[in-house]
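Q: Given these sequences and hints, build the entire structure.
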Amino acid sequence: MELEIRILRYNIETGNKSRWDIFQVEALPDDRILDVLQEIKSHKDGSLAFRKSCAHGVCGSDAMIINGKNELACQVLVKEVSNPIKIEPIRGLPVVKDLIVDMNDFFESYKKVLPYLISEESTGDRERLQSPQELERIEDTTKCILCAACTTSCPVFWTSDSFIGPASLVNAHRFIFDSRDQGSKQRLEILKDVNGAFRCRTAFNCTSACPRGISVTKAIEEIKKEIVLNS
Amino acid sequence: MKVIKHTFDGVIIGAGGAGLRAAIEAGPHMNLAVISKLYPTRSHTGAAQGGMSAALANVEEDNWNWHAFDTVKGSDYLADQPAVDILCKEAIDSVVELEHWGLPFSRLDSGKIAQRRFGGHTVREGEAPAFRACYAADRTGHMILQTLYQKCVSMGVTFFDEFQVLDIKIDEGICQGVVAYEISTGDIHIFESRAVMFATGGFGKMYKVSSNAHSLTGDGPGMLFQKGLPLEDMEFYQFHPTGIYKLGILLSEAARGEGGILRNKNGERFMERYAPSIKDLAPRDMVSRAIATEIREGNGAGPKNDYVLLDLTHLGEEVIMEKLPDITDFVRTYVKIEPITDPIPVQPTAHYAMGGIPTNVNGEVFTDEKGSVLEGVYAAGEAACVSVHGANRLGTNSLLDIVVFGRRAGKSMVDYVSRTSRIQISENSAEDVVNKITALLEKEHNEEYSVAKIRESMQESMNSNAQIFRTEESLSKQTKILEDLRNRSKKVTVSDKGKVFNTELIDAIELENLLDMAEATVASALERKESRGAHTREDYPERDDVNFLKHSFATKDGSGKIKVKYKNVELGKYTPMERKY
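Chains as they are written, first to last, in this note's numbering: chain L, 378 to 608; chain R, -18 to 562.
Hints listed in this document are in silico derivations from the structure and should not be mistaken for laboratory results. Hints may be right or wrong, so weigh each one.
Said to hold, decoys possible - Calculated pairs, DSSO-like style, for lysine-lysine (alpha carbon to alpha carbon, straight line, at most 27 Å):
| no. | chain 1 | residue 1 | chain 2 | residue 2 |
| --- | --- | --- | --- | --- |
| 1 | L | K394 | R | K478 |
| 2 | R | K189 | R | K458 |
| 3 | L | K456 | R | K317 |
| 4 | R | K478 | R | K461 |
| 5 | R | K227 | L | K421 |
| 6 | L | K421 | R | K458 |
A: Now the structure itself:
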C-alpha cells in the first residue's frame, strides 16, 4: 500500500524553525511504523533521526506521537492508522533532532524517587520469601520500560516540567508496595512535595498512552492514598 | 572536531546485564565509567523472556552437577567443562543475589522463587525435563536489566549514555583506554583507562530474520577483530526455533516449557520423531533443525508451507495470561492472532552468538589460541566466548552467563587496577577516529554506496547461505558475496553531514562491524568440516571428535584475509557421547 508520511523535522544544530516533510512510501499492511521510518531513512533521507532498538515494544526507545497519540513506533502497524500518517516527537521534553528528544531530565526525575530496593533486613544466603499475592501488588508497575510515553502525554507535565511525572510515580509505586522494601517513608516524603503525586489531575492520558498496559493513573491514586494514610 | 579527555581507572562498554553486573562489582573500588550507545535500560538483556537457570531445587530435587551435565551435552561437548562447572555452581548465588537486590521473581505458594521447565534441562542426566529456570513471568530479562540498573543508580555509577566507542588503544600489549563518539553532539571523547571491558552484546543483525535489536552489531568483537585479535567459535550461531513468522520476534521457549507443542501442517507433533524422550523441550539446535527439515519436506503450514505452528491452545487462558503474558501480547499486536484459541505461525530466527571475544573464566581476553592474555582488557556476556555454551547454548543460560561472568570480569578489573599504576594514553589517540569520521563526512554522498543497500544485501545473503543448513557451496558463495560487499563498504557514503544525532554515520560504523562478524562466521564455518550443535554442514553430517573437538580462533590480517586456528576443548568429567534426547 502507498502511504503518505508527514514527519515534523527539526535540528538543534541549525536552529531553523521546525517543518513538515512529506514522504510517499510503499509499505505492507503489517509493517510497523518503525519499519516505515527505517525505509525512509534507508532509501529516501538518511538524515532522518529517530531512536530504535528492540523493535517489539520492550526497550522503550521509540516513543513518538503518531496521528496525535503517544505510541511506540514499533508497536503500531500501518494498517491500524489512517493515512496520511502524521509523526511528531513526544511533547514536553526538548526536541534535539527530528523525533529525538532530550531524555536527561526524564531520567533525573526518575532517580528522584529512589528507584531501587531499600532494605536493612539481613538477607542470608537464600532468597527472601514473597507470596504470589504480595508480588501481584506490584507486578503491574514492574513492567515499566521508561519510554516516557506516559509522562509526555500528561497535560500537567506539559505546562509544568517540574512535575515529577507519571513514569517516576510508576517506579515509586513499584517499590513503595513491594513487601520487601523498607524505604516507603522516604519516598512518600519526596512525593508529598508540591511537584509530587498530588499534581496529578487524573486526566488518564498516561494510562491510555502506556505501551505496556500499566494502569498508571491507578498507581498514582494508590500513592496519593498512601501519603494521606501516612500523614 | 572537539576532543574531550577523561581519566578513569576502568571503563565498561555496554550497559546490558554483563556490563551492569560488572559495574556493580567494580564501581566501589575504582573510578569507573560505563559507556553505552543506548540508555542502559534499552539494552537487549531487557528482551530476554523465559528465565535464568539455577539448581535452587525449589520445585523438585536438583543439583548444579545435573545442570552442568545438561549444559555440556547441550553444547555438543564443545563447552569447556571447568567453565561450565563455574557457571552452574555460581548460578545459585547469582539468582539469590538478584532477589536480594529486589528482582521481582515469580513465586511459588511457599514464597520461594518459582521455577519452570526449559529446553535441554533435565534431572539426573537426562531422565526427565527439570524445573530449573527461575523467572519473572515471561519478562525475566527486563527484570534483570531493571534490577541491575536500579542497583547502579543506588550506587551512583557514572554513565555516559548514547556514546559510541569507536577505538581501543593498546600500546605494546597494554591497554590505555578507548575513544568514543558522543552521538548527541558529534564530539570525540578520549577515555584514558587502564582497564577496559567489552560487554557489547551480540550481532544478530548480520541476518535478515532475527530476534535481535537493531543495536546488536558486534561493536566490541569488531573493534578487536580489526586490531588483529582473534574471535572464537564464530561458526556457532544459534537460531531460536520460535520466532514470529517473517518478523523473527522471539516467542520464548517458556511457551513449550509450560506445555506448548509444535505442530506441522498436518497437526502432527513432529518433535516426537526427532527427540522421542523430551520432544518439544529438546535443545534449540535440534528443534530448529527439525523445523527447517519439516519445511523442506513440504510439511510446513501456510500457503507457502514455510512455517510451523506453536500450539498453546490446550494450556488454557489462566496459564497463558499468568505465565506468558508478554509473548501473548506480541502475537496479538504483530500477527493479530489470539494464542488462547489459535496456534501461532513460527519459524527459526537468528538469536544468539555462541562465539565471540575469547576469554578465560575471569573475563580476561586471549590474544591467541595458546591462551596469552591481553593486559587490561576484559569481556563478558554475549560479546564474549568463555566458552560455556560450546556449539549450542541451552535456553536460560545466557542470562546466567551475563551475571556470573559479568561479576567475574568486574572482579578481574578490580584486581588489575589494584596491582597496576596509572598509564598515560598517547597524545594522538583520537587521531584515527577523527580521521575516519572526517572522511565519512567529507566524502560526497553516492546512493550506490549507501549503508542501507550494503547492509540489506549482507542480511539477505547471510540468511540464504549461512543459516541453519550449510554446505561448502553455500559458504563459498557467501565468501564471494561478502568480499564484494566489503569492497563496496570501503566506499560507503552518508548523506547526513551533521554533528547532532547523525545516526546514519553510526549506521556506517556498525555496518563495518557487522561485516566483520559475517566474514568471521563464514570463514570459520567453511573450515569446520563436521556438524556439531548449531553448525550443520550437509556435506559433513556427522560430528567429528577426532578432528574437531576444538574451538576455532579466527583472525584477520592487514589485507583482510581470515585465518582459522584451533584450541583444544577443556574436557572434564563428561566424555563426549552421541547426543540423543
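Q: Can you give the numbers of the hints that this structure goes against, from lowest to highest?
A: 4, 6
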